[in-house]
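*Asks:* Based on the sequences and whatever the hints tell you, model everything.
These protein sequence lines map, in sequence, to chains E and Z.
For the first sequence, the UniProt record's numbering assigns the number 1 to the initial residue and increments by one for each residue that follows.
For the second sequence, the UniProt record's numbering assigns the number 1 to the initial residue and increments by one for each residue that follows.
Calculated directly from the structure, the hints in this document are not laboratory data.
Among these hints, one or two may not hold up.
Listed below are the simulated SDA-like cross-link pairs for lysine to any residue, each with C-alpha atoms no more than 20 Å apart in a straight line [as the list claims (entries may be wrong)]:
id, chain 1, residue 1, chain 2, residue 2
1, Z, K126, Z, A84
2, E, K126, Z, G35
3, Z, K126, E, R49
4, Z, K126, E, G35
5, E, K126, Z, E214
6, E, K126, Z, C204
All figures in this text were calculated on a predicted structure; none of them were measured in a lab.
Protein chains: 2
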Amino acid sequence: MAGRDCGGDCGPGRANEDNARFLLLGALLALYLLGGAAVFSALERPHERQARQRWEERLAGFGRRHNLSRDALRGFLRHFEEAAAAGVRVDGARPRWDFPGAFYFVGTVVSTIGFGMATPATVGGKVFLIGYGLLGCSSTLLFFNLFLERLITGIAHVTRWCGARRPGRRAGRRARSPAGGAAGKPSVRVVLLALGAASLALCCGAAALYAAAEGWGYLDALYFCFVAFSTIGFGDLVSGQQARYDGQGLYRVANFVLLLSGVCCLYSLFNVVSILVRQAVNWALGRAAGAGCRRGRGRGGPPRRNAVGPGRVRSGARGAAEADGSSGARRLSGEMVSMKDLLAANKASLAALQKQLSEAASGRPRRASTPPADDEFSGGVGAFAVMNGRLAETSAGR
Amino acid sequence: MAGRDCGGDCGPGRANEDNARFLLLGALLALYLLGGAAVFSALERPHERQARQRWEERLAGFGRRHNLSRDALRGFLRHFEEAAAAGVRVDGARPRWDFPGAFYFVGTVVSTIGFGMATPATVGGKVFLIGYGLLGCSSTLLFFNLFLERLITGIAHVTRWCGARRPGRRAGRRARSPAGGAAGKPSVRVVLLALGAASLALCCGAAALYAAAEGWGYLDALYFCFVAFSTIGFGDLVSGQQARYDGQGLYRVANFVLLLSGVCCLYSLFNVVSILVRQAVNWALGRAAGAGCRRGRGRGGPPRRNAVGPGRVRSGARGAAEADGSSGARRLSGEMVSMKDLLAANKASLAALQKQLSEAASGRPRRASTPPADDEFSGGVGAFAVMNGRLAETSAGR
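*Replies:* What follows is the structure, encoded as structure tokens:
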């Protein structure tokens, strides 16, 4: 939509870079989809053919045995399809729209899991769903984001606590990041490891419970956990749909808690992994721009400084640290930067100056969690970063 | 998980505030779910009872007419359920796992729509899905976020262009935000209106196409559009599943484009609406803290300055603007702030100083899109804002 627009609040180089990143990611995703489609088609097609053939044989056999015409059977099955859409199963499933069932349903709506084990069939239900989902999905998105915020704060707390117990290692770390811009913040790697371990443990534990309670195989239960926690929610396997369970109330609560924590964990994990994807795209973009520059030097290609890969940034940061040498040296992020390596040395000392100024003005040391503005915005991606940075709040602006 | 942890990189007041916001939102969501469950249960339960009763009658009638035992019919229907899970429909659905079908499937995986019209049935397919989905969902999340970024940049471009054509109004706006911190950025209201209008137009247009192509009623098609674009994806209605369409190739492309743009639009809309939800939660929190303060003054409640609602912030911003008066006055965001009204006047002039310093150091005017650091972090919510602000990039940190 706005793929080729320049925002105008930035140089044309930055806009080109942003557009190029967006388009490159889109192209890579298209390739990923094509590759995935080929693999799934190869894996699943034989099974589908087999299942269809088996069904045709069974249908014909049943008709022959009971002397039923194909049309009569088709009419009967059409009625069954209609009933199945309203929640009927051969082996007595629980009611869909009693209060616990409806609660499960709205939970799958606001989390966008959408199993589809129950779907509104009335006009009123469908209309209400649209309004209800709009507010509910937005609020749940906010909830997930606040969860992620709390989680990273917790991880920061733990890593600092661990660092404080090993003062030798901590001093070594301090020497590497003397300006405090990144001090006390967990790295992407640490958060990824923590989240990955938590998600894996949760999936494995939940799968064991589901396998026991639902009578699924362990692999099926694991597959259900991933599909549900990632909010894909096919609905081929849905927990809690049988008419009776041992310890029904407890199982319902456990199911709710597991789904909630699983969805929160996998949402956070996806967000952290997407940082790595972004870095990979930036790296590819830097490589492509570098190759284009070497091939098309003097032919009006994009200027090299607008497409810097992590490797080049790293050397820029090192250069800044060496040039500055004082406590003002700071880590630069690995994100794609615009003009950054040009101005790195200036900005490094500026950051120290700003810090001193801020402390002088407020009469107390500045909060460690407040990064320098350029550090923050070099990675200006993402739903909230984008909006916080680029929107004037209406509540103050009116 | 980390709900009660203080990050330690911030005062205890800020941590309390963050925890309170998270817990309040969780409580409000629980109420929202309970209310929604009650409404859906009331709306849908009669229809479910009716459908079950009708099915029981039809089942009994069919058995009587053709002299079939209930057990024989149940066995037959169990076979049909098995076949239906593999994609068989009474009225010849298209193959699920040919290449276009598999492409549609992987599209619903990475976008987390997950209709479930086709689901992997083999062990290999299920295992591959977990790895494929993990990377695919993360990349698509990044794609949505970059789309949102491009979209807001485009809207900023359009609003500035409109402002430039009406110089009188623009001068008036400038006078209201002289520091340039929010100048040229579209407000949440403008983005919400633009996105809401775009989503509505897209849903209505797409519904007209789907209603014509699939033979659904218009309301059903509209309901399908919302369920698909919001990535809920129940799977009760799925486009493109019939064996034949007029202009099949064109319809497939249109279906893909509509789903892609619809999902991007609604994801962006949810994010913008969640800003409003956050403001509402902050307002409620401020009210609650204010009431608690009045009731429990001197009983060790949380200090009032750590729980400021938008109303109070607005007056603080006005006070700062009056106290400063120069071009250094800047809008404060409507977000909940910590220590902000205490230090507002100091920070307002500090922001101007920092800007001058930055321009002096870099030899050119600072980019308008770079906000002052405290403005950025007053609204430190959200997946990416959180991570950009709180994580040290490993690529630079190693």
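*Asks:* State for each hint whether it applies.
*Replies:* Results of checking the hints against the structure:
no. : hint             : in the structure
1   : K126/Z to A84/Z  : holds, 18 Å
2   : K126/E to G35/Z  : holds, 16 Å
3   : K126/Z to R49/E  : holds, 18 Å
4   : K126/Z to G35/E  : holds, 16 Å
5   : K126/E to E214/Z : holds, 18 Å
6   : K126/E to C204/Z : holds, 15 Å
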